[in-house]
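Asks: Take these sequences, add in the hints, and give me the full structure.
Each chain, letter by letter, is given below.
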Amino acid sequence: EAGVAQSPRYKIIEKRQSVAFWCNPISGHATLYWYQQILGQGPKLLIQFQNNGVVDDSQLPKDRFSAERLKGVDSTLKIQPAKLEDSAVYLCASSSGLFNEQFFGPGTRLTVL
Amino acid sequence: AQSVTQLGSHVSVSEGALVLLRCNYSSSVPPYLFWYVQYPNQGLQLLLKYTSAATLVKGINGFEAEFKKSETSFHLTKPSAHMSDAAEYFCAVTAPGGGNKLTFGTGTQLKVEL
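Going down the list, the sequences are from chains Y and S. According to my numbering, the first sequence is numbered sequentially starting from 351. According to my numbering, the second sequence is numbered sequentially starting from 149.
The hints are simulated quantities; they were obtained by calculation from the structure and are not laboratory data. Hints may be right or wrong, so weigh each one.
Unchecked claim - Derived PhoX-like pairs: lysine-lysine, alpha-carbon spacing no greater than 25 Å straight-line: (1) S:Lys259 to Y:Lys421; (2) Y:Lys394 to S:Lys249; (3) S:Lys249 to Y:Lys412; (4) S:Lys259 to S:Lys217; (5) S:Lys206 to S:Lys217; (6) S:Lys197 to Y:Lys428; (7) S:Lys197 to Y:Lys394; (8) Y:Lys365 to Y:Lys433.
Computed from a predicted model, the values in this text were never measured in an experiment.
Replies: What follows is the structure, given as structure tokens:
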């Protein structure tokens, strides 16, 4: 069974630029999560989708971050414009249901200069 | 609201020694608790979880954890450390029925020395 795929694995941009990350969850997983993991901290949930609907985006900085899951499968997370403090690893996870184990992708490491 | 505190951001043990990683939780309702492991440049992998069944939970790679309500703790242990256990470990909590929204601790980096 293929795991959660993410791309790119690494991205370096300058502040005020925009960036997008892509996630392809495990086939058949209805629930998809985006986490932000700043160096030295645990992952923090940014947004949670159930199929193509948002379940929780209470910690998503909506002035600059956006996410979509148009067909209920893969998802993109965008930052526009990026700030220095957005430097982090962005993890995508998926689960077969709202109460089931989350499987994590390898993450995208973003560096904002 | 739920939170977890992991005591010790870095733990070092000798190969073959006991591993003990500490996690204390705060929750207004009986929690579900998890331990995840993260190897360099990889995503998180679930080691074990407590979901209100047996208080002693056994996970993968010889790890286990015990839920102690009186101490609000969920410490992770392994009797004998192996070099391959070197990684970062995260404790996480969620509320049953909370939509699987995990709140993570700040992590403990485990170093295993010869």
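Asks: Hints first: check each against the structure and report whether it holds.
Replies: Against the structure, the hints:
1. A distance of roughly 43 Å separates the Cα atoms of Lys259 of chain S and Lys421 of chain Y; the hinted pair therefore is violated under the 25 Å criterion.
2. A C-alpha spacing of about 10 Å is found between Lys394 of chain Y and Lys249 of chain S, which places the hinted pair at or below 25 Å, so the restraint holds.
3. With a CA separation close to 19 Å, the supplied pair Lys249 of chain S and Lys412 of chain Y stays within the 25 Å bound.
4. Simply put, Lys259 of chain S and Lys217 of chain S have alpha-carbon atoms about 29 Å apart, too far for the 25 Å limit, and the pair is violated.
5. With a CA separation close to 18 Å, the supplied pair Lys206 of chain S and Lys217 of chain S stays within the 25 Å bound.
6. For the hint pairing Lys197 of chain S with Lys428 of chain Y, the CA-to-CA distance comes to about 32 Å; that exceeds 25 Å, so the pair is violated.
7. This hinted pair checks out: Lys197 of chain S and Lys394 of chain Y have alpha carbons roughly 19 Å apart, not beyond 25 Å.
8. Proximity of Lys365 of chain Y to Lys433 of chain Y is assessed by CA-CA distance (about 5 Å); at most 25 Å being required, the pair is judged to hold.
In the structure shown, a violation is registered for the earlier hints numbered 1, 4 and 6, in ascending order.
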